[in-house]
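Participant: Protein chains in written order, with this note's numbering: chain A, 1 to 290; chain B, 1 to 562; chain C, 1 to 312.
Keep in mind that the hints were calculated from the coordinates and are not lab data. Just so you know, these numbers come straight off a predicted model, no measurement behind them. Built from N, CA and C at the ideal position, the CB exists for glycine as well. The reader is advised that the hints may include incorrect statements.
[What the hints assert, rightly or not] Short, incomplete list of chain A residues facing chain B, as computed with Cβ under 10 Å:
1) 44
2) 45
3) 46
4) 47
5) 50
6) 65
7) 238
8) 241
9) 242
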Amino acid sequence: MTMKKLGTFCKAHKAVTVYAILVLLIVLVAVFAKVIAPYSPTEASLRDAFQPPSAAHKFGTDFMGRDLFSRIIYGTRASLSSALILVAAAMVIGGLLGIIAGFAGGVVDAVIMRVCDTMLSFPDLILAIAIAGILGPSFVNAIIAILAVSWTKYARLARSMVLKIKQRDYIAAARTTGSRARHILFTYMVPNALPTLLTTAVLDIGTTILGISGLSFLGFGIQPPTPEWGYMLSEGRSYMQTYPWLMIFPGLAIFITVVAFNLLGDSVRDVLDPGKARKHKKKKRKLNKA
Amino acid sequence: MKLKKIFALLLVVCMTAALLAGCGGNSAGSDTANTTPADTAPASSDTGADTAPASSDASAPADTAPAASGKTQLNVVSDMFSQPNIHDLSPSWFVVRLGLAETLVRFGEDSSYQPWLATSWEVADDNLTWTFHLQEGVKFSNGADMTATKVKESIEYLYEDQDPANGGVGDALTFMTYTSITADDAANTVTIVTTEPVPDMPGVMAYPLFAIIDAEATRGRDMLLEGPIGTGPYVVTSYTDGHDYQLAKNPYYWDGEVPFETVNYVKVAEESSRYNALLDGSADIATHIQASNLPALESAGYAVSNVSGARDGYFHVNFEGPMGNDALRKAVFMAIDDETVCDITTGGSYTAGYTPLAPIFTQWGGADIPDVTAYNPEEAMKILDEAGIKDTDGDGWRELDGQNILLTYVTVTGRQMADIAQAHATLIQAIGVNCEVKVVDSQGEYMTNGTFDMVNSNEMIVPTGDPVNFLSHWYSESGTGYNYARYSNPDFDKAFEALKTEMDVSKRNEYVKQLQQIMVDDSVLLLGGYYNFNICSAPSVTGVVQPPCDFYWITKDIKPAA
Amino acid sequence: MLTRKIAKRLLQMVIVLICISFLTFLLTYLAPGDPASAMYEAAGILPTEEQLETARLAMGLDKPFAVQYGSWVLGILHGDLGTSFSKNLPVGTIIGQRLLPTLKMALLSLAIMLVISIPLGVLSAVKRDGVWDYIIRFLSFFGISMPGFWLGLLLMYVVCVKLRLLPAVSSSSGFKQMLLPAITLAIAMASKYTRQVRASVLEELSQDYVVGGKARGLKYPRILWRHVFKNSLLPLITLLGISFGSLLGGTSIVEIVFSYPGLGNLAVQSVTARDYPLIQGIVLWVAFIYMIVNLVVDLTYDLVDPRIREAR
Numbered sequence: 001m002t003m004k005k006l007g008t009f010c011k012a013h014k015a016v017t018v019y020a021i022l023v024l025l026i027v028l029v030a031v032f033a034k035v036i037a038p039y040s041p042t043e044a045s046l047r048d049a050f051q052p053p054s055a056a057h058k059f060g061t062d063f064m065g066r067d068l069f070s071r072i073i074y075g076t077r078a079s080l081s082s083a084l085i086l087v088a089a090a091m092v093i094g095g096l097l098g099i100i101a102g103f104a105g106g107v108v109d110a111v112i113m114r115v116c117d118t119m120l121s122f123p124d125l126i127l128a129i130a131i132a133g134i135l136g137p138s139f140v141n142a143i144i145a146i147l148a149v150s151w152t153k154y155a156r157l158a159r160s161m162v163l164k165i166k167q168r169d170y171i172a173a174a175r176t177t178g179s180r181a182r183h184i185l186f187t188y189m190v191p192n193a194l195p196t197l198l199t200t201a202v203l204d205i206g207t208t209i210l211g212i213s214g215l216s217f218l219g220f221g222i223q224p225p226t227p228e229w230g231y232m233l234s235e236g237r238s239y240m241q242t243y244p245w246l247m248i249f250p251g252l253a254i255f256i257t258v259v260a261f262n263l264l265g266d267s268v269r270d271v272l273d274p275g276k277a278r279k280h281k282k283k284k285r286k287l288n289k290a
Numbered sequence: 001m002k003l004k005k006i007f008a009l010l011l012v013v014c015m016t017a018a019l020l021a022g023c024g025g026n027s028a029g030s031d032t033a034n035t036t037p038a039d040t041a042p043a044s045s046d047t048g049a050d051t052a053p054a055s056s057d058a059s060a061p062a063d064t065a066p067a068a069s070g071k072t073q074l075n076v077v078s079d080m081f082s083q084p085n086i087h088d089l090s091p092s093w094f095v096v097r098l099g100l101a102e103t104l105v106r107f108g109e110d111s112s113y114q115p116w117l118a119t120s121w122e123v124a125d126d127n128l129t130w131t132f133h134l135q136e137g138v139k140f141s142n143g144a145d146m147t148a149t150k151v152k153e154s155i156e157y158l159y160e161d162q163d164p165a166n167g168g169v170g171d172a173l174t175f176m177t178y179t180s181i182t183a184d185d186a187a188n189t190v191t192i193v194t195t196e197p198v199p200d201m202p203g204v205m206a207y208p209l210f211a212i213i214d215a216e217a218t219r220g221r222d223m224l225l226e227g228p229i230g231t232g233p234y235v236v237t238s239y240t241d242g243h244d245y246q247l248a249k250n251p252y253y254w255d256g257e258v259p260f261e262t263v264n265y266v267k268v269a270e271e272s273s274r275y276n277a278l279l280d281g282s283a284d285i286a287t288h289i290q291a292s293n294l295p296a297l298e299s300a301g302y303a304v305s306n307v308s309g310a311r312d313g314y315f316h317v318n319f320e321g322p323m324g325n326d327a328l329r330k331a332v333f334m335a336i337d338d339e340t341v342c343d344i345t346t347g348g349s350y351t352a353g354y355t356p357l358a359p360i361f362t363q364w365g366g367a368d369i370p371d372v373t374a375y376n377p378e379e380a381m382k383i384l385d386e387a388g389i390k391d392t393d394g395d396g397w398r399e400l401d402g403q404n405i406l407l408t409y410v411t412v413t414g415r416q417m418a419d420i421a422q423a424h425a426t427l428i429q430a431i432g433v434n435c436e437v438k439v440v441d442s443q444g445e446y447m448t449n450g451t452f453d454m455v456n457s458n459e460m461i462v463p464t465g466d467p468v469n470f471l472s473h474w475y476s477e478s479g480t481g482y483n484y485a486r487y488s489n490p491d492f493d494k495a496f497e498a499l500k501t502e503m504d505v506s507k508r509n510e511y512v513k514q515l516q517q518i519m520v521d522d523s524v525l526l527l528g529g530y531y532n533f534n535i536c537s538a539p540s541v542t543g544v545v546q547p548p549c550d551f552y553w554i555t556k557d558i559k560p561a562a
Numbered sequence: 001m002l003t004r005k006i007a008k009r010l011l012q013m014v015i016v017l018i019c020i021s022f023l024t025f026l027l028t029y030l031a032p033g034d035p036a037s038a039m040y041e042a043a044g045i046l047p048t049e050e051q052l053e054t055a056r057l058a059m060g061l062d063k064p065f066a067v068q069y070g071s072w073v074l075g076i077l078h079g080d081l082g083t084s085f086s087k088n089l090p091v092g093t094i095i096g097q098r099l100l101p102t103l104k105m106a107l108l109s110l111a112i113m114l115v116i117s118i119p120l121g122v123l124s125a126v127k128r129d130g131v132w133d134y135i136i137r138f139l140s141f142f143g144i145s146m147p148g149f150w151l152g153l154l155l156m157y158v159v160c161v162k163l164r165l166l167p168a169v170s171s172s173s174g175f176k177q178m179l180l181p182a183i184t185l186a187i188a189m190a191s192k193y194t195r196q197v198r199a200s201v202l203e204e205l206s207q208d209y210v211v212g213g214k215a216r217g218l219k220y221p222r223i224l225w226r227h228v229f230k231n232s233l234l235p236l237i238t239l240l241g242i243s244f245g246s247l248l249g250g251t252s253i254v255e256i257v258f259s260y261p262g263l264g265n266l267a268v269q270s271v272t273a274r275d276y277p278l279i280q281g282i283v284l285w286v287a288f289i290y291m292i293v294n295l296v297v298d299l300t301y302d303l304v305d306p307r308i309r310e311a312r
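All chains, please: the whole structure from these sequences, using the hints.
Facilitator: Below, the structure is given as structure tokens:
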């Protein structure tokens, strides 16, 4: 995309642009953590523990005398990378399985969809907690646990999209002209399903960050001393009375990041799903007239 | 029509919720709400004071506490929970802590043996035959008399359940084994003949596992669900596993009037919630309040009963790993700034020290043992340099015999042990030795398999008033299933064997001191600190005192404030 | 027609249940480590090799996977979920103790949520693009992005520690003791529902009958409450059902923060203790109840909504 095109796009979609910049800022914080953070996130100075926020330590220090601000800056890495990897993996795995299910039909479809149903019959984090707990506490296991549950959403979505276009003329034409299945899959099916899957993925990042930090909070995620927001919050909660900043700042970090991604997700949906937006506008006009 | 249906649905949801919440409040043993007046002094005046009870509202809890005559329920919050299983090692502690059952002997405030269900005891010259004289007029909570025969049956029931031949775990057998028990109902005595000398026999009888229950009546019920029939001031009415106990007064209690009609015991894992529960009046007693909150509590008129030394938070070092190297081990011990770790990192929940048994046990002479590994990072690095443990490949970490060292702490999070391990790791890294912490749910597997360099243990050091059981961790004959450090020293073994059979108290103390000296010299036990255990109580109750061993929480002496 | 639909759904449910039971069993089968030693460890005992060997035989660990799975399923069909490792009680008994508190919390938090979200959602839709709409949308957006455990801790800090309005320790025994965790749960849900209510009210407002009604001179409040409101609440039922089902599975994080004796708290305890039978039991139960609730909701929806009924 050339600069000019980018400029036009930004002008046309101001909300997306603003929120994308916000998210970009957070990503930059993660990338340049080393430059931004005044201290090393794991460097402890035991005698300087539990210092309240000050000029030297913007967010104070934790029980090991580590700079909380630096830990939160570095914590962006763990939260962002894990959420992005997770959502991407869920989208690719779920999307492909869904497309295959829709395209192939029959037994393949039935098997994949029953597995989906199974996973979907667990509310919330309960299955993830069980998986993470049984595999043992580690960050990778926490991600696997959430992935095991989250791919199903994409599979269902992709399948329904494929079913919708499967009967269209051009697919039928491609079939009769003897195109190979793989060709049809990647030329027609995947590109068709991609925008919706992407929108869902962007919308999902915020929730995923919440899920991962929740598992960490419960102690099923990351191992110390790696900085991770959920775990930091969990460490800080027993000092709620005396050193409240230990629980306030990590929570704020999670909150702000999730807000940014949710805002971006909402605006991306409005752009990629223009039909819906237009319909609303039309309705509004109608209402006004009335 | 549709609208009505939906509204009906919503209404039903709302009403059911209200109903359930409402009638629950009236059900038995759950009137926490009743004892907490609705107007529990919203002390909004102290919003400025972060550490809660400013002295101005010190009287608030006293105001809200109902008058002595009106207070019929004792509310307790604690961080611990076990099932009422008197025949299981650590759950048995719970049975005694809750005041459900009592032992023949009890530990006094100075850890001495005091009479309880037995008034006195003596051992014959053979050092094997112990006779316990029982208290008169003791009744079980079902009204049955505690006769000598009942005591005999109670101990026999324990050994039957514990016998590995019956699928038991055999814990009781590690305390003592006997050849015979005889009951003399006329003389009201029980005589136990042990298979070998048990010097701490009164202590064994004071251990909760040996609490006296009505064996016959307890066999007839599901002990795990209903609890045993004991002689304590309270009985279980119901409990939710892992969460709460509802207790009621034992109408047949033998030792005076039971002060409360009911007891509501709730497990609250969050430290800050327990503290808050004390302050807002929903709890009369709370265990394990974080040390940093204690001064504020005390100044607000709450009673804090604090005991240090009965429990060690420490690490077994693995002698089969790199820590087997004497120079490295010594340097690591010297790298630990235990004062800072205890006072700052744990906020004073631990007291620093270096002897396996706290110096407050003067009989074991901890204070006379010099600290050969006092905090001295420069000296530690010198020792490492001299032993050739240097950084030769320039990665910033020292190597041992050309091999990279990575010391691994394996620890659980309970009692801040993970915090201590992380602080230790930082200090060890400061002398150039790489070190990591692995937080696990349970360390047992690591201990037995030896897959650790340091593994945490948080242990009562004198469970029977005697450290012999604790010290056997380092006895080479104990095997890796108990000697987790894989430590072996003939001098230690010799002194330990002598201790095991010695009956004379002063000679025993001498052996214990010797063993401590060896352990300190060899840098065997890496102490995190002596745990400061506390029980705090609101002005609404009196008589909450914590003896060094934490077996007695809810006692007949805890009464409503006058 | 309806009976046929129920039968079909039930059949589907049975298939999924079989899948769930298989998955649950597989999960613990694949878990690293030896279940026999896990059993002793959960009970806090360090076993000898002999004890382990005996336990392995007793647990049937020497048998092939299919046999182990078969006998486990057979047990469940007889109502036997096994015995908890760490608590030494039947899994069914332990789960049973948690059901009433979990149910109470689910109902109370749903009730609070409805009280918050319905008025706000309607207001937001009616005053579309007005100040109230923006404020409400803003708040609901923040509610969705709020980590539940953080919200819980903050509420506890403000309401219990600073203001001393509610007890810090929750229990299922009284309204006051349940209020704070219920509010914490309700806030997160209310954000979602407010948006939903707003969207569906807007949808209804644009229907022709509203326009027509106005044209015919019907009073606006009458249209709003008699027609728009009731029609727009229909889609809520499905959502409510899902929320209810998921609340019945327990809400681990909030329950942990407030020490509430619900199923989620138990789930975390069981996982921490590696209590495999208890984990299996909870997972199975939660999935089962979730499916039942969803089925009931679907059927209710059919009964309530005439459009679907007519379509049949």
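Participant: Does each hint hold? Answer for all of them.
Facilitator: Each hint, compared with the structure:
no.	hint	result
1	44	4 Å, holds
2	45	9 Å, holds
3	46	5 Å, holds
4	47	6 Å, holds
5	50	7 Å, holds
6	65	8 Å, holds
7	238	4 Å, holds
8	241	5 Å, holds
9	242	5 Å, holds
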